[in-house]
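J.: Each chain, written out:
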Amino acid sequence: MKKRSICVFIVLLIAVSMFPFALAEGQDTFLFDQAGLLTDEQVSELNSLMDQIGDQYGCAVYAVTVTDYTDYVNGDVRSCAEAFFTANDFGSGNDKSGVLLLLSMAERDYALIAHGYGNTAFTDYGKGELTDYFLGYFANNDWYGGFYAYADGCRQLLEMAANGTPLDVPGYEPDRSVGLSTGAKIAISVVVGCVIAGIVCLVMMAKMKSVSKALRAERYAVDGSLDLIHSTEVFSHVTQTRVKIESDSNRSSGGGGTTVNSNGFSGTSGKF
Amino acid sequence: MPSMVNNYKCPACTGPLHFASSSGKLECEYCGSTYDVEEIEKLYAENEAKAEEAFQQHEEKIKEETQVHGAADNEWDVSGLNSQWGADQEGLRVYNCPSCGAELICDDTTAATSCVYCGNPTIVPGQFVGIMKPDYIIPFKLDKQAAVDALKKHYHGKRFLPKLFTDQNHIEELQGVYVPFWLYDGTAMADVTFDATRSHMHREGNYNVTTTEHFNVRRAGTVDFDKVPVDASSKMSDDYMDSIEPYDYADLVPFSTAYLPGYLANKYDVSAEDCSDRADERCKRSALDIISSTVNGFETCSPVSEEVQMRRGKVSYALLPVWMLNTKWNGKNFLFAMNGQSGKMVGDLPVSWGRFWSMFGMIAAPVAAVLAVLMLLL
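Taken in sequence, the protein lines are chains R and X.
Count along the first sequence starting at 1, add 7, and that's the number in this note's numbering.
Count along the second sequence starting at 1, add 688, and that's the number in this note's numbering.
Among the hints, a few may not be true.
Claimed, not checked - Straight-line alpha carbon distances no greater than 20 Å define the calculated DMTMM-like cross-link-like pairs of lysine to aspartate or glutamate that follow:
{"hint": "1", "chain 1": "R", "residue 1": "Lys220", "chain 2": "X", "residue 2": "Asp965"}
{"hint": "2", "chain 1": "X", "residue 1": "Lys972", "chain 2": "X", "residue 2": "Asp962"}
{"hint": "3", "chain 1": "R", "residue 1": "Lys220", "chain 2": "X", "residue 2": "Glu969"}
{"hint": "4", "chain 1": "R", "residue 1": "Lys220", "chain 2": "X", "residue 2": "Asp968"}
{"hint": "5", "chain 1": "X", "residue 1": "Lys972", "chain 2": "R", "residue 2": "Asp234"}
{"hint": "6", "chain 1": "X", "residue 1": "Lys1002", "chain 2": "R", "residue 2": "Glu225"}
{"hint": "7", "chain 1": "X", "residue 1": "Lys972", "chain 2": "R", "residue 2": "Glu225"}
Unchecked claim - Listed next, the stretches of chain R that the computed footprint assigns to chain X, with coverage defined by at least 3 CB atoms under 8 Å from CB atoms of chain X:
{"hint": "8", "segment": "192-203"}
{"hint": "9", "segment": "211-223"}
{"hint": "10", "segment": "228-234"}
{"hint": "11", "segment": "237-249"}
Read the hints as simulated data drawn from the structure, not as lab findings.
Backbone N, C-alpha and C define an ideal beta-carbon position, used for all residues, glycine too.
Build out the structure end to end from the sequences listed, making use of the hints.
T.: Structure representation (structure tokens):
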């Protein structure tokens, strides 16, 4: 028992030691610029912005820059982001709600992950739209612009989620039945009942009418009397339409929602 | 002056003969003898040979005066129409309805007690003047009992029909009426151009490419129409007569007054020229449909221009059989008409709004209840 406790302590110590700057900078820090991309003033400003967004929507917003993510993990850049999130006990509330953007400068990799309520607010489609929003800045080495766009994008998606409509695939309708009140369910039932009754009664009423004017006289056309004196089909022109086939693998393939792994994270990654 | 025949009398006992629709023969009310219509007509024709010759000479003179020049002027050929009834006229009576103006014709063995169009019971005898003699007639094939049964079947199963309507319907007042019709022959000449397309799709890299071929299609031709009917009475609603179509012209026979006993006939009061627009309209629409049906092998086919002209042919005047009942309900007139040959019954029925809303509630309530329970439980 004693040996087991010592082993757990050592594992935690190693985990924490991999991400030393988190503990060193305190729990009010949301922007970790280990790669040195921003000035102190920019870090302070962006940190305040992310803090304010996290407080407002109950979902913490984080950003991390590292020189090379492979210094920390043996997996991919996304697993590095998840390890960072877990090791530093990030997230708001009991379900550790949060979103984190990690930039690795060596190979210009990025990972965007979410946890807890963050999986609801940042759907697969929403993450795709968010990355489209800020990646352009990073591609041009505009680091402040990129992180500001990231924070602003997070605020917009969290606002939509707070209004009950998280950004998702067009036409995708999440299951809302759980959210309907009793009164709304009864009202829907009454409306559907009236519509069905109305259709049935109108069909029955239509049978009360049997008089209508004849518009045609096909039955009086003499059989075989059709004499075609002119029958031509002349080719005129050709038109072409080209429609691009959508194949974005970072986004939900039409089904909507958020794909969450066994660790409770959802995410996307790529190059900038 | 040849002797005039008042009506068809039984050769055996001189009793009055009436046309029985069930057997298609003339039957004597007194001795029960039956005769074919042709047999009686031949008998009377032989007896009135000299009178017929005189009338025919008079008809030839009228035909020359009214001869139409035909296709060159594209006028309707009404040369066959005439108002010379000959010996038949003496056996016929005319009744006028002072309420709606209908002129009803019947033989002198039939009592016209009320107007079939408006139900007015005070109809008065009128003058048999200027009434065109029909060319053809389709005799009644179904008797009054068949009409009563058809009307009861027409009411059956109509849940919104007020109960009092059927109770107070005076169904026994069904009356057999020969309705006047103009039958138009003609040829429609149609010329239509279409924009037609065919398309196919293939993939090029990351694109789906749809290639659409456009064609200018033209069809022009003629279609003949035979005996397109338009009712010639302003008292009879066109939509009612359209609705009881079709009549089987295989039963169309040359007119004879022998078919009238027991039934009323209405005199036409709308001329062939005035009715022709209806026939033209129906023929033109059908000609366009027939011409368009010859365009095949395209995915879409939209008409760009349509031109139809009617080449007018012969017009015939015919009496077609209709069983009719005119009834009032809550101040509104309801007319029921049955094709006296095929038995097709038409007539709009009144709606009881009390029954409507009752049925509405009986359906809406349980459906809403079941749906609400399911939604609350799930």
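J.: Next, verify each hint and record whether it holds.
T.: Hint-by-hint comparison with the structure:
1. Restraint check for R/Lys220 and X/Asp965: the C-alpha separation of about 14 Å stays at or below 20 Å, so the hint holds.
2. For the suggested pair X/Lys972 and X/Asp962, the alpha carbons sit about 17 Å apart, so the restraint of at most 20 Å is met.
3. Restraint check for R/Lys220 and X/Glu969: the C-alpha separation of about 12 Å stays at or below 20 Å, so the hint holds.
4. Note on R/Lys220 and X/Asp968: the hinted pairing holds, with a Cα-Cα distance of about 14 Å set against a maximum of 20 Å.
5. Taking the CA atoms of X/Lys972 and R/Asp234, the gap is about 15 Å. The hint holds against a cut of 20 Å.
6. Distance check on the hinted pair: X/Lys1002 and R/Glu225 sit about 19 Å apart at the alpha-carbon level, within 20 Å; holds.
7. This hinted pair checks out: X/Lys972 and R/Glu225 have alpha carbons roughly 10 Å apart, not beyond 20 Å.
8. Taking a C-beta to C-beta cut-off of 8 Å, the segment 192-203 of chain R contributes 9 residues in contact with chain X, enough for the three needed, and the coverage statement holds.
9. With 12 residues having a Cβ less than 8 Å from any Cβ of chain X, the segment 211-223 of chain R passes the three-residue criterion, so the hint holds.
10. Under the rule that three or more residues need a Cβ within less than 8 Å of chain X, the assignment of the segment 228-234 of chain R holds, with 5 such residues.
11. Remark: the segment 237-249 of chain R is confirmed as covered by chain X, as 13 of its residues place a Cβ nearer than 8 Å to a Cβ of that chain, reaching the required three.
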